[in-house]
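Enquirer: Listed below, chain by chain, are the residues.
There are 2 protein chains.
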Amino acid sequence: MTAALDFYFDFSSPYGYFAATRIDALAARHGRETVWHPILLGIVFKQTGQQPLPAIPIKGTYALRDIERSARWFGVPYRHPSRFPVSGTAASRAYYWLESSDAAAAKRYALAVYHAYFAEDRDISSPEVAADIAAGCGVTRDAALAGIASAPVKDRLRVEVESAIARGVFGSPYIVADGEPFWGSDRLDQLDRWLATGGW
Amino acid sequence: MTAALDFYFDFSSPYGYFAATRIDALAARHGRETVWHPILLGIVFKQTGQQPLPAIPIKGTYALRDIERSARWFGVPYRHPSRFPVSGTAASRAYYWLESSDAAAAKRYALAVYHAYFAEDRDISSPEVAADIAAGCGVTRDAALAGIASAPVKDRLRVEVESAIARGVFGSPYIVADGEPFWGSDRLDQLDRWLATGGW
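Taken in order, these protein sequences are the chains called W and H. All residue numbers in the first sequence are consecutive under numbering that gives the first Met the number 0, ending with 199. All residue numbers in the second sequence are consecutive under numbering that gives the first Met the number 0, ending with 199.
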């Protein structure tokens with residue numbers, strides 16, 4: 000067992016969703032743990048001058064097609080959300096609130112949020128919806144709402160986003176293994192071999 | 000045997016280089032032919048507001064690392080060019096000039112241009128260098144230079160770029176198989192399965 004992998008993702012990122020369904024099993028094959036870091040791409044993009052995919056002419060049209068095809072490739076349910084992208088602030092705060100007491104529950108929560116958004120078209124940007132989803136992960140809805148609104152949790156998310164930017168994270172998913180960065184669900188194959196071989 | 004695959008690429012695109020070393024063998028496994036289309040991403044990017052990778056903050060730094068790692072992943076020689084990107088106009092014209100008499104020689108030429116640029120750091124934007132490389136593909140250097148400068152060849156490249164844009168091509172490599180578009184050397188795995196299964 001060596002260092003954990005850092006897995007950065009945004010709750011509005013389809014490719015982050017695909018990676019989230021695979022990353023822990025991939026890491027476990029190599030005896031590795033993971034630490035999940037929901038971040039806010041909207042803030043990250045301001046640093047790099049990037050735009051959300053749908054806003055980019057021509058490429059955005061392709062991206063929607065690639066996302067739906069890749070969902071089938073990864074074998075995960077997908078229905079493109081009626082609002083896309085949306086803010087991941089409430090869900091990310093709920094994630095860090097849960098993680099402070101139970102990291103495994105927080106991961107289950109993240110997967111549930113992704114499913115709610117990308118398979119059920121629920122508006123995960125709403126604190127109420129974010130709290131409803133948390134209520135399926137062993138906490139009460141009211142406790143989750145209070146957690147989302149608490150100052151330490153807000154600070155935690157802010158620090159996570161700033162740390163990610165400082166580390167060079169510019170997209171989702173973004174995985175760092177032993178100092179080596181991998182961007183995109185289409186780099187999971189390289190990550191897998193990197194962990195198996197120690198790099199090349 | 001059904002319709003040929005269309006393979007669009009720019010001679011300054013490392014991911015186009017990686018795909019060029021694989022696409023014909025991949026297509027042949029499924030009984031398919033390919034038609035290669037060198038294009039000019041500089042013109043394409045004006046349509047979509049995109050920038051060359053090195054110009055993008057943070058993401059550009061990652062891209063250089065990903066390119067060198069991916070070259071080793073694909074098992075192809077790579078030395079990042081001292082000038083990058085450069086114009087593919089001369090080499091693209093030489094490609095279409097060659098292709099008008101010998102499509103197989105044109106493909107060998109394209110692979111030789113990629114090797115010259117990405118493994119030997121030669122300035123493929125120079126018509127003289129583009130012609131020197133053609134001289135290794137069964138034609139004379141002087142004939143290649145005349146071909147590069149000829150009006151029909153210039154028109155052909157212009158039409159190819161315009162047709163690519165009209166078709167929605169926004170990057171390199173970009174492959175169209177039975178109407179389905181695949182962008183990036185990291186979509187060759189999906190393309191392979193698409194050809195095997197007829198889509199999903």
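Rather than coming from a laboratory, the hints here were simulated on the basis of the structure. Even for Gly, the Cβ is constructed at its ideal location relative to N, Cα and C. Hints may contain errors.
[As the list claims (entries may be wrong)] Sample of chain H residues with no beta-carbon within 10 Å of chain W, all distances over it, derived:
#1 3
#2 20
#3 24
#4 31
#5 47
#6 57
#7 76
#8 82
#9 107
#10 134
#11 161
[As the list claims (entries may be wrong)] Simulated crosslink set (SDA-like; lysine to any residue; CA at most 20 Å straight-line):
#12 45/H <-> 55/W
#13 58/W <-> 179/H
#14 58/W <-> 131/H
#15 58/W <-> 153/H
#16 45/W <-> 48/H
#17 45/W <-> 50/H
#18 153/H <-> 164/H
#19 58/W <-> 5/H
#20 58/W <-> 162/H
#21 58/W <-> 58/H
#22 45/H <-> 24/W
#23 58/H <-> 102/W
#24 45/H <-> 51/W
#25 58/H <-> 50/W
#26 58/W <-> 159/H
#27 58/H <-> 183/W
#28 58/H <-> 52/W
Enquirer: A separate judgement is required for each hint: does it hold in the structure or not?
Expert: Going down the list of hints, with the structure as the test:
No beta-carbon of chain W comes within 10 Å of the beta-carbon of residue 3/H; the shortest separation is about 21 Å. With 10 Å as the threshold on Cβ separation, the claim that residue 20/H sits away from chain W holds: the shortest Cβ distance comes to roughly 17 Å. A cut-off of 10 Å between C-beta atoms confirms that residue 24/H is not in contact with chain W; the least separation is 19 Å. With 10 Å as the threshold on Cβ separation, the claim that residue 31/H sits away from chain W holds: the shortest Cβ distance comes to roughly 19 Å.
A Cβ of chain W approaches the Cβ of residue 47/H within 10 Å, the least distance being about 5 Å, so the stated non-interface status is violated. Residue placement check: residue 57/H does not keep its beta carbon more than 10 Å from all beta carbons of chain W (closest about 5 Å). Distance to chain W confirms residue 76/H as a non-interface residue, since its nearest Cβ pair spans about 14 Å, more than 10 Å. No Cβ of chain W approaches the Cβ of residue 82/H within 10 Å, the least distance being about 24 Å, so the stated non-interface status holds.
Remark: the non-interface label on residue 107/H is consistent with the geometry, its nearest Cβ contact in chain W lying 29 Å away (cut-off 10 Å). Once the 10 Å rule is applied to beta carbons, residue 134/H is consistent with being away from chain W; the minimum gap is 35 Å. For residue 161/H, the shortest C-beta to C-beta distance to chain W comes to about 14 Å, beyond the 10 Å cut-off, and the non-interface label holds. For the given pair, residue 45/H sits about 12 Å from residue 55/W by alpha-carbon distance, which is consistent with the 20 Å threshold.
Restraint check for residue 58/W and residue 179/H: the C-alpha separation of about 14 Å stays at or below 20 Å, so the hint holds. Of the pairs offered as hints, the one joining residue 58/W and residue 131/H is violated, with about 36 Å between alpha carbons and a cut-off of 20 Å exceeded. Among the hinted pairs, residue 58/W with residue 153/H is inconsistent with the structure: their alpha-carbon atoms are about 27 Å apart, more than 20 Å. A C-alpha spacing of about 17 Å is found between residue 45/W and residue 48/H, which places the hinted pair at or below 20 Å, so the restraint holds.
A C-alpha spacing of about 16 Å is found between residue 45/W and residue 50/H, which places the hinted pair at or below 20 Å, so the restraint holds. For the hint pairing residue 153/H with residue 164/H, the CA-to-CA distance comes to about 17 Å; that is within 20 Å, so the pair holds. In summary, the hint linking residue 58/W to residue 5/H is supported, as the alpha carbons are separated by about 18 Å, within the 20 Å threshold. Restraint check: the Cα-Cα separation between residue 58/W and residue 162/H comes to about 16 Å, which is no more than 20 Å; the hinted pair holds.
Proposed proximity of residue 58/W and residue 58/H is supported: the alpha carbons are some 17 Å apart, at most 20 Å. As the CA atoms of residue 45/H and residue 24/W are separated by approximately 42 Å, the hinted pair breaks the 20 Å bound. For the hint pairing residue 58/H with residue 102/W, the CA-to-CA distance comes to about 30 Å; that exceeds 20 Å, so the pair is violated. The straight-line distance between the Cα atoms of residue 45/H and residue 51/W is roughly 18 Å, inside the 20 Å bound, and the hint therefore holds.
For the hint linking residue 58/H to residue 50/W, the alpha-carbon distance of about 13 Å falls within 20 Å, and the restraint holds. The hinted pair formed by residue 58/W and residue 159/H meets the criterion: a straight-line CA distance of about 19 Å does not exceed 20 Å. The hinted pair formed by residue 58/H and residue 183/W meets the criterion: a straight-line CA distance of about 12 Å does not exceed 20 Å. At roughly 15 Å between alpha-carbon atoms, residue 58/H and residue 52/W fall within 20 Å of each other, so this suggested pair holds.
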